[in-house]
Amino acid sequence: MKTETLSGDKGGLWRAERPGWHTDRCILWFCIMGAVIVGITVLALANIAITELADPAHLFEVAASSEVIGSILLTFCAGANAVLLLVIFGTPLAYVLARSRPSRFKEVVESVVDIPLILPHTVAGLLVYLLFMRRGWLGAPLAEIGLAFEDAYPGTVVAMLFVASPFFINSMREGFEKVPVHLENVARTLGAGTFTTFRTVTLPLSLRHMFNGAILAWGRAIGEFAAVIMIAYYPFIISTLIYYSFTTDGIHTSRSIAFVVIVVSFAVFYLLRRMTRYLGRYDDRV
Amino acid sequence: MIEFDQVSLALGSFRLNNVSLTINRGDYYFIVGPSGAGKTVILEAIAGLHRPRRGRVLLRGEEVTALPPEKRRVALVYQDYSLFPHMSVIDNVGYGLRMQGMGRADARHEVVGLLAEFGIAHLADRYPGTLSGGEQQRVALARAVAVKPDILLLDEPLSALDPVTQEKFILDLQRLHREDDLTIVQVSHARREAHLLATRMAVIIDGSLVEEGEADVVLNRPRSREVASFVGIENILDGAVVRNEDGHATVDLGGQVFEAVTDAPVGEEVTLCIRSDDIVLRVPGSTRSSAQNTMTGTITRVVENGPVAEVKVDCGVELTAVLTRRSVRDLSLAPGTPVTLSIKATAVHVIRG
Numbered sequence: 001m002k003t004e005t006l007s008g009d010k011g012g013l014w015r016a017e018r019p020g021w022h023t024d025r026c027i028l029w030f031c032i033m034g035a036v037i038v039g040i041t042v043l044a045l046a047n048i049a050i051t052e053l054a055d056p057a058h059l060f061e062v063a064a065s066s067e068v069i070g071s072i073l074l075t076f077c078a079g080a081n082a083v084l085l086l087v088i089f090g091t092p093l094a095y096v097l098a099r100s101r102p103s104r105f106k107e108v109v110e111s112v113v114d115i116p117l118i119l120p121h122t123v124a125g126l127l128v129y130l131l132f133m134r135r136g137w138l139g140a141p142l143a144e145i146g147l148a149f150e151d152a153y154p155g156t157v158v159a160m161l162f163v164a165s166p167f168f169i170n171s172m173r174e175g176f177e178k179v180p181v182h183l184e185n186v187a188r189t190l191g192a193g194t195f196t197t198f199r200t201v202t203l204p205l206s207l208r209h210m211f212n213g214a215i216l217a218w219g220r221a222i223g224e225f226a227a228v229i230m231i232a233y234y235p236f237i238i239s240t241l242i243y244y245s246f247t248t249d250g251i252h253t254s255r256s257i258a259f260v261v262i263v264v265s266f267a268v269f270y271l272l273r274r275m276t277r278y279l280g281r282y283d284d285r286v
Numbered sequence: 001m002i003e004f005d006q007v008s009l010a011l012g013s014f015r016l017n018n019v020s021l022t023i024n025r026g027d028y029y030f031i032v033g034p035s036g037a038g039k040t041v042i043l044e045a046i047a048g049l050h051r052p053r054r055g056r057v058l059l060r061g062e063e064v065t066a067l068p069p070e071k072r073r074v075a076l077v078y079q080d081y082s083l084f085p086h087m088s089v090i091d092n093v094g095y096g097l098r099m100q101g102m103g104r105a106d107a108r109h110e111v112v113g114l115l116a117e118f119g120i121a122h123l124a125d126r127y128p129g130t131l132s133g134g135e136q137q138r139v140a141l142a143r144a145v146a147v148k149p150d151i152l153l154l155d156e157p158l159s160a161l162d163p164v165t166q167e168k169f170i171l172d173l174q175r176l177h178r179e180d181d182l183t184i185v186q187v188s189h190a191r192r193e194a195h196l197l198a199t200r201m202a203v204i205i206d207g208s209l210v211e212e213g214e215a216d217v218v219l220n221r222p223r224s225r226e227v228a229s230f231v232g233i234e235n236i237l238d239g240a241v242v243r244n245e246d247g248h249a250t251v252d253l254g255g256q257v258f259e260a261v262t263d264a265p266v267g268e269e270v271t272l273c274i275r276s277d278d279i280v281l282r283v284p285g286s287t288r289s290s291a292q293n294t295m296t297g298t299i300t301r302v303v304e305n306g307p308v309a310e311v312k313v314d315c316g317v318e319l320t321a322v323l324t325r326r327s328v329r330d331l332s333l334a335p336g337t338p339v340t341l342s343i344k345a346t347a348v349h350v351i352r353g
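So the sequences go chain by chain: Y and G. The opening residue of the first sequence carries number 1 in my numbering; numbering runs sequentially from there. The opening residue of the second sequence carries number 1 in my numbering; numbering runs sequentially from there.
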């Protein structure tokens, strides 16, 4: 008789060894409770979708406006830039945290990495603003070489980077921790230096975590509002545009922009997940 | 070839204490010891994966204490095989060659020959996750020898294999040692592996080297009680020498007297080590043997284990004898059967002090 386990690729809970629609009562309750969370999101989406689709002309007008398209592109690009910077600077940090022995210093560094998670977003924005404003410790010297952050694209990127960094670094660190040190040791004895081992063994085996971390960070970045407006109210990213529209034009237009953003975001993230579903999947038995 | 000169190192709460050992070119060297004793740490220190806090490591006569692993020309095979799961078998085996600067095509050509030699040519394009334990082990070994090291380090390579695959793998290792002029250092728990493969061996307990020497000597004539216990000597008995005439000693175990060969003087407390397969049993009434130790007792337990049976005999002290199951059957041995034991004086190893 064919037997499928809970963690099996095929079947899972609903195609257990017994034929027919049969499942564990406990799991059924778990599903019902989980459905509350999914249900709230679906209800919220359905609510806005029904309202917006009732007036397609207005929806199309908003969706086709250059202001909305430009804002969406700006938001996605700034988020991608923040993630790119995180990949470049956060990956080495995540590796060091994953491979270093427990120590008080390491705990302090880990806590510093997590700070953006626990701070109110306005506080995060204030921190970024104070550091990168024209008179800030980093803002002043960078302004002198022509890199301004206040009400400028770099300001948006740096605010997004700050709030998104724990999501990427923690995911990446978890990925590195899952790569057995033995694999690196063997690579070293076969003639690979530390960086070559990292490039040929550790990083390829952590790609999935890198991707997941990047998606989480990107999602967090493009959804940021409070931290961004503290340093860069302009140019409008999508969350500031919705807020601006809400305070000037009212609920009707801001709701349409929000619906467009939902559709675009869902499509982009779904496509990314589909495209990379096999990325970095290797047999755990090894 | 490999020398540890008073090496100490610390890894978290574990300490390797002042270990000195010498492994000669061509040795098949075993490092044995209980779990957590530090065997693998020594192996990794040879490979350069841990830097000693004190002491020196020498390879081929040169100090390499500060030399990184990639420059030591030492190959390592772990117990879990540690194949790169994102690479096919051919890429795994060719990894070291590529790291040495060989082109992809040349590396593939070289690896194909090596895979054939190990009987795994048909696995070339498979990924590690699809291989059996034995296949993975062969790939790991092929990968290690692909870079033509003169030192091969093996960390319990047989422990995860079934008995049939173990036998095949032991033949592979014997062939490699013989034909490739390799110096092999193997960490193991199994005495049988050491019997079959080792030329010399070291026993590590709690991060310290407690005995080193010829494998036969360490396995059969250990210098301490703890090593005797670890290498699996079944009968370890404490007593005192009560007579000694030209090295033929009589040892009193508190009621039972043993004859043994030792120059321990009268009055010295000694530990007797008797291998279970050196004990002969005889039913009462049969002719005496030439064995110097003959004693009567009663069988307390018979445990069959494959082709042999462990027979426990109470003869004042409890002794374990290993017989063929056929002997047990022919002599109708069972718990309660009175028997006579014969032990050769030369079969009794004496540890002094």
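Derived from the structure by calculation, the hints contain no laboratory data. Please note that the accuracy of each hint is not assured.
[Claimed, not checked] Label pairs and their computed distance ranges (CB to CB): (1) R277(Y) - R225(G): 54 to 64 Å; (2) L196(G) - E110(Y): 47 to 57 Å; (3) L130(Y) - A66(G): 39 to 49 Å; (4) R277(Y) - V217(G): 37 to 47 Å; (5) S100(Y) - R104(G): 30 to 40 Å; (6) C77(Y) - S35(G): 35 to 45 Å; (7) P102(Y) - P163(G): 35 to 45 Å; (8) D106(G) - T23(Y): 25 to 35 Å; (9) R15(G) - E177(Y): 54 to 64 Å; (10) R104(G) - R25(Y): 41 to 51 Å; (11) Y270(Y) - R126(G): 50 to 60 Å; (12) R301(G) - R277(Y): 51 to 61 Å; (13) R126(G) - P92(Y): 46 to 56 Å; (14) A66(G) - S100(Y): 43 to 53 Å.
No residue lacks a Cβ here, since even glycine has one placed at the ideal position from N, Cα and C.
Query raised in the report: Is the distance from the Cβ of R301(G) to the Cβ of R277(Y) consistent with 51 to 61 Å?
Result: Roughly 59 Å apart at Cβ, these two residues keep to the hinted range, so it holds.
Requested in this report: Can you let me know if the beta-carbon spacing of L196(G) and E110(Y) is within 47 to 57 Å?
Outcome: For E110(Y) against L196(G), whose Cβ atoms are near 49 Å apart, the range 47 to 57 Å holds.
Requested in this report: Could you tell me whether the CB distance from R277(Y) to V217(G) stays inside 37 to 47 Å?
Outcome: violated, 60 Å
Report task. Using the Cβ atoms, figure out if R126(G) sits within 46 to 56 Å of P92(Y). Result -> violated, 34 Å
Query - Verdict for A66(G), S100(Y) (Cβ pair) under range 43 to 53 Å - result: violated, 21 Å
Report task. Using the beta carbons of Y270(Y) and R126(G), state whether their distance is inside 50 to 60 Å or not. Result -> Since the Cβ atoms of Y270(Y) and R126(G) sit about 33 Å apart, the hinted range of 50 to 60 Å is violated.
Query raised in the report: If you check the beta carbons of L130(Y) and A66(G), does the distance land in 39 to 49 Å?
Result: holds, 46 Å
Requested in this report: Could you see if the CB distance from R104(G) to R25(Y) stays within 41 to 51 Å?
Outcome: Given a distance of about 56 Å, which is not inside 41 to 51 Å, the answer is violated.
**Report entry** Range agreement (Cβ of P163(G) with Cβ of P102(Y), hint 35 to 45 Å)
**Finding:** holds, 40 Å
Requested in this report: Take a look at whether the Cβ-Cβ distance between R15(G) and E177(Y) falls inside 54 to 64 Å.
Outcome: 25 Å Cβ-Cβ, so the 54 to 64 Å window is violated.
Query raised in the report: Are D106(G) and T23(Y) spaced within 25 to 35 Å by their CB atoms?
Result: violated, 56 Å
Query raised in the report: S100(Y) and R104(G), beta-carbon distance inside 30 to 40 Å?
Result: At 34 Å between Cβs, range holds.
Of the numbered hints listed earlier, those contradicted by the structure are 4, 6, 8, 9, 10, 11, 13, 14.
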